[in-house]
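S.K.: Can you make the complete structure from the sequences, with help from the hints?
Listed below, chain by chain, are the residues.
There are 2 protein chains.
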Amino acid sequence: MTQVTPATQATIGDSEFDRDTAVTRRDEGVYDTDLSAGWTITNAVNGGYLLAVLGRALADALPHSDPFTVSAHYLTASRPGPAVIRTDVARTGRTLSTGQASLFQYDDNGHEVERIRVLASYGDLDSLPDDVRTTAKPPVFPPMDRCFGPQDGPTPVSGSSSITERLMLKLDPSTLGWALGAPSGKGEMRAWLGLADGRDADPLSLLLAVDALPPTAFELGISGWVPTIELTVHVRSRPAPGPLRVSLITRNLAGGFLEEDAEVWDSADRLVAQSRQLARVRLG
Amino acid sequence: MTQVTPATQATIGDSEFDRDTAVTRRDEGVYDTDLSAGWTITNAVNGGYLLAVLGRALADALPHSDPFTVSAHYLTASRPGPAVIRTDVARTGRTLSTGQASLFQYDDNGHEVERIRVLASYGDLDSLPDDVRTTAKPPVFPPMDRCFGPQDGPTPVSGSSSITERLMLKLDPSTLGWALGAPSGKGEMRAWLGLADGRDADPLSLLLAVDALPPTAFELGISGWVPTIELTVHVRSRPAPGPLRVSLITRNLAGGFLEEDAEVWDSADRLVAQSRQLARVRLG
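Quick mapping for you: the protein sequence lines, in order, are chains A and B. Everything in the first sequence is counted per my numbering, starting at 48 for the first residue and increasing by one. Everything in the second sequence is counted per my numbering, starting at 48 for the first residue and increasing by one.
Hints are not guaranteed to be accurate.
Listed next, the stretches of chain A that the computed footprint assigns to chain B, with coverage defined by at least 3 CB atoms under 8 Å from CB atoms of chain B [stated by the list, open to error]:
(1) 66–73
(2) 98–105
(3) 135–148
(4) 180–189
(5) 267–281
(6) 288–294
Label-pair restraints from in silico Cβ distances [said to hold, decoys possible]:
(7) A315/B with P129/A: 44 to 54 Å
(8) V77/A with P189/B: 53 to 63 Å
(9) G140/A with A229/B: 30 to 40 Å
Simulated from the structure, these hints should not be mistaken for lab results. For each residue, glycine too, the CB sits at the ideal point set by N, CA and C.
M.R.: Rendered as structure tokens:
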């Protein structure tokens with residue numbers, strides 16, 4: 048059998064995601080970048096996209112190239128446009144290196160404002176042993192052609208989000224109640240996920256994947272903005288080609304905050320990333 | 048009914064834990080401390096105790112006093128003895144402030160070595176609304192008098208750990224197979240937990256609580272050292288007086304790493320803290 052790849056299919060290293068996360072080294076540990084308006088939700092720059100941009104800078108600043116664990120604290124809202132990233136190497140080791148990175152932009156008064164700060168440990172995913180004793184199971188939900196994405200709605204949502212044009216997102220119908228005005232009340236969200244241009248997932252795009260679905264808060268009946276305070280990702284394996292399955296769960300909505308756990312599974316049924324975020328909720 | 052409190056019962060602010068996590072401000076944002084040998088496991092300083100020491104420094108450096116989310120990357124192994132903590136304030140806001148802290152010690156050659164670096168967001172737990180929509184349930188396991196701790200063993204373990212003298216730790220018998228040479232194979236560990244001197248839990252001691260149980264790796268049949276690479280805690284509520292219940296779960300042991308999730312429940316059945324760590328495993 049011959050598999051036909053469309054001539055337009057983007058590849059890892061040559062895709063919109065790669066161009067929009069590019070960083071240019073200005074000086075030792077200092078990088079310029081330009082946050083694209085293509086990864087916004089209404090006007091907010093997606094937190095996972097920001098993580099990928101910072102991840103690119105750290106992959107250059109550290110002797111290892113794969114993010115193993117990245118912890119981000121979101122300080123102020125980023126905007127599309129120029130930004131500078133300053134990195135600092137905390138420790139370099141044989142198998143792991145740790146560093147930090149901060150992204151800055153100028154505010155309307157010309158003052159530099161820090162948007163996000165991350166601490167991260169990097170390694171080499173390809174050097175890890177093959178043992179897998181995972182007891183977690185992949186999420187069970189319908190095949191992609193029976194799931195639904197933003198493109199399947201009757202009319203485009205007004206003030207819509209340009210990130211939806213860049214994602215292949217097909218949501219499990221059982222976590223879509225919110226879109227029909229009938230949220231399930233369960234803190235769950237599941238979807239098939241890829242990049243719309245067909246670029247396969249890699250460790251860097253997993254940083255985007257953990258924060259690319261609608262928030263579980265929607266299924267909990269909360270329709271407002273749920274800003275991320277802190278997000279930590281563990282990348283556990285290089286993903287196989289093909290679409291990802293992402294499963295989000297919230298177990299504790301209390302005191303105006305919630306946690307959101309993500310699992311990302313690849314086409315080979317391997318758990319390739321796990322994340323947890325703390326987000327703020329404004330209850331009506 | 049009258050509840051009799053022993054005259055020797057320690058209190059929040061006046062206990063060994065408080066004395067051993069004390070920091071002294073040397074300069075703006077710089078703190079001296081002395082890591083106690085009382086919180087070691089064999090020779091290693093417990094990672095949760097270290098987190099509490101750094102948490103004390105950040106509570107002083109930031110305008111808010113309660114840790115909401117703390118992300119720690121462990122760089123090199125700490126030793127009992129003097130240490131210096133350097134903090135940096137990233138952002139102060141009305142409800143949340145974010146900062147970072149690093150703990151340094153001198154190595155045998157007199158060089159300063161960084162042991163651990165944390166990024167943390169602090170707030171005021173008492174200012175949060177009362178809403179609780181938690182779907183998570185407290186772990187179910189036997190009452191304390193039918194659980195077992197290090198003191199219940201026939202003989203003290205040689206090279207034993209001084210931290211065990213400072214903890215009230217009573218493990219669920221169903222997660223104790225490892226101690227009898229028959230690990231369950233399930234990545235679970237559950238225990239009643241308190242401080243041995245009767246000091247009640249507070250947000251700071253929750254940073255200790257999430258890393259105070261034997262690792263889930265023991266029940267997975269791994270007997271070696273499982274060093275923490277990264278640990279993030281979310282403190283969600285001020286704990287009620289009385290013993291805590293701590294439940295650990297590992298779902299993904301693969302490629303020489305595992306994640307360990309902790310839930311900490313207080314005596315009022317409230318989920319007061321959640322944590323996740325990435326740890327390294329050396330398989331035999």
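S.K.: Taking the hints in turn, state whether each one holds.
M.R.: Against the structure, the hints come out as follows:
With 0 residues having a beta carbon nearer than 8 Å to a beta carbon of chain B, the stretch 66–73 of chain A misses the requirement of three or more and the stated coverage is violated. A stretch counts as covered by a chain when three or more of its residues have a beta carbon under 8 Å from one of that chain; for the stretch 98–105 of chain A and chain B the count is 0, and the coverage is violated. For the stretch 135–148 of chain A, the assignment as covered by chain B holds, since 5 residues bring a beta-carbon within under 8 Å of that chain's beta-carbons and 3 suffice. As drawn, the stretch 180–189 of chain A meets chain B at 4 residues by the rule of a beta-carbon pair under 8 Å; at three or more, the given contact holds.
Evaluation of the coverage hint for the stretch 267–281 of chain A: fulfilled, as 5 residues show C-beta separations to chain B shorter than 8 Å, against a requirement of three. Counting residues of the stretch 288–294 of chain A whose CB falls under 8 Å from any CB of chain B gives 0; the rule of at least 3 is not met. The given range of 44 to 54 Å is respected by A315/B and P129/A, whose C-beta atoms sit roughly 50 Å from each other. Our hint of 53 to 63 Å for V77/A and P189/B holds, since their Cβ atoms are close to 57 Å apart.
For the hinted restraint 30 to 40 Å between G140/A and A229/B, the CB-CB distance of approximately 36 Å keeps it satisfied.
Against the hints set out earlier in the document, violations occur for numbers 1, 2, 6.
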